[in-house]
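Q: Each chain, letter by letter, is given below.
Number of protein chains: 4
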Amino acid sequence: MTADKEPIVKRLRTIEGHVRGVERMVDEDAYCIDILMQLNAVQKALDQVGRMVLDRHLHGCVTTAIRSDDAAERERVIGELMHVMQERRK
Amino acid sequence: MTADKEPIVKRLRTIEGHVRGVERMVDEDAYCIDILMQLNAVQKALDQVGRMVLDRHLHGCVTTAIRSDDAAERERVIGELMHVMQERRK
Amino acid sequence: MTADKEPIVKRLRTIEGHVRGVERMVDEDAYCIDILMQLNAVQKALDQVGRMVLDRHLHGCVTTAIRSDDAAERERVIGELMHVMQERRK
Amino acid sequence: MTADKEPIVKRLRTIEGHVRGVERMVDEDAYCIDILMQLNAVQKALDQVGRMVLDRHLHGCVTTAIRSDDAAERERVIGELMHVMQERRK
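Residue numbers (the numbering used here), protein chains in the order written: chain A, 150 to 239; chain B, 150 to 239; chain C, 150 to 239; chain D, 150 to 239.
There could be a bad hint or two in this list.
It does not matter which identical chain is used: a pair holds within one copy or between any two.
Claimed, not checked - The calculated SDA-like cross-link candidates involving lysine to any residue, where the alpha carbons are at most 20 Å apart (straight line), are:
#	residue 1	residue 2
1	Lys193	Thr163
2	Lys193	Gln235
3	Lys159	Gly228
4	Lys193	Gly166
5	Lys154	Gln197
6	Lys193	Arg162
7	Lys159	Glu229
8	Lys193	Ala220
9	Lys154	Thr212
10	Lys193	Arg169
11	Lys159	Asp196
12	Lys159	Ala179
13	Lys193	Thr213
14	Lys159	Arg169
The hints are simulated quantities; they were obtained by calculation from the structure and are not laboratory data.
Starting from the given sequences, assemble the full structure and let the hints guide the process.
A: Shown next, in the form of structure tokens:
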């Protein structure tokens, strides 16, 4: 993760502000359903950041590893990818 | 959402700090897989907050509405609940 | 779950046929991505059935329990609801 | 998807039987929560099949495409992977 990290950092900063907004809603006794809708929105924004990081990972490390002649490294990178996506579902 | 809002606000504040930590990881070129694992952790923490808010909502507004004699209000509250849970899946 | 169960059974029967179709795709060496897209479609159809069952449950058992004067039963029904929705997320 | 397709077909056949079991539960007026728990179990079994197909895809087509010298094909395979995983979240 080197180039083009600015758009990812920027989105995370927006998410941080969004979480702060939800804190304020809770503190000011907003309606539960409105709080839940905002939590959903934060989750979707995090999904989007996850996709950006994953896309970068596939184009970077995964491509490099799979194009290498090191079969163990190829296996390691695919295993890691499967693991992080499985975790993601929970 | 009135009583016992402190534990929810506290958790959201922790999540805010966690998101800031992920920003730093991205900025310092951490390994993509490590970033994805931290994003997963943030999302699980948000799921937990969502469950706390939902539990409160079921015990509060939903119980009050369902115990009332206003059939339209009962219907409204159930519809709203279905809607927010459907959104969450996406 | 008594009245109006036909539309739910009908949808489940369609899903069963859909799963059989995916089996055939795998057996005939279809492209993995096409298989994954069909698995996604089956899961969305199951989500929809889940929503129908949940909606029925909220209008039936949950409404009855919450309108009763048995506080323990109200608590039991809400706890059960929270549990089944938490399981769903995993 | 050529070799080792038997375990995948076998699991899908089990899932088909599981869906048929849920149909019977609905038809026999089983408790909604029990039906929802079984639907969750079917979803998890489908998640597992999805992971098996994805793992096979990464080791097969994705590895072949990424190791090729056709940059457009590499891009196509990664784009397809991102697309199917994004769909999966919904």
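Q: All hints are to be evaluated individually against the structure, with a verdict given for each.
A: Cross-check of the supplied hints:
no., hint, in the structure
1, Lys193 with Thr163, "both (13 Å within a copy, 19 Å between copies)"
2, Lys193 with Gln235, "both (18 Å within a copy, 11 Å between copies)"
3, Lys159 with Gly228, "neither (30 Å within a copy, 23 Å between copies)"
4, Lys193 with Gly166, "both (15 Å within a copy, 19 Å between copies)"
5, Lys154 with Gln197, "within (14 Å within a copy, 29 Å between copies)"
6, Lys193 with Arg162, "both (15 Å within a copy, 19 Å between copies)"
7, Lys159 with Glu229, "neither (26 Å within a copy, 26 Å between copies)"
8, Lys193 with Ala220, "neither (36 Å within a copy, 31 Å between copies)"
9, Lys154 with Thr212, "within (18 Å within a copy, 26 Å between copies)"
10, Lys193 with Arg169, "both (16 Å within a copy, 17 Å between copies)"
11, Lys159 with Asp196, "within (15 Å within a copy, 23 Å between copies)"
12, Lys159 with Ala179, "between (27 Å within a copy, 16 Å between copies)"
13, Lys193 with Thr213, "neither (29 Å within a copy, 31 Å between copies)"
14, Lys159 with Arg169, "both (16 Å within a copy, 11 Å between copies)"
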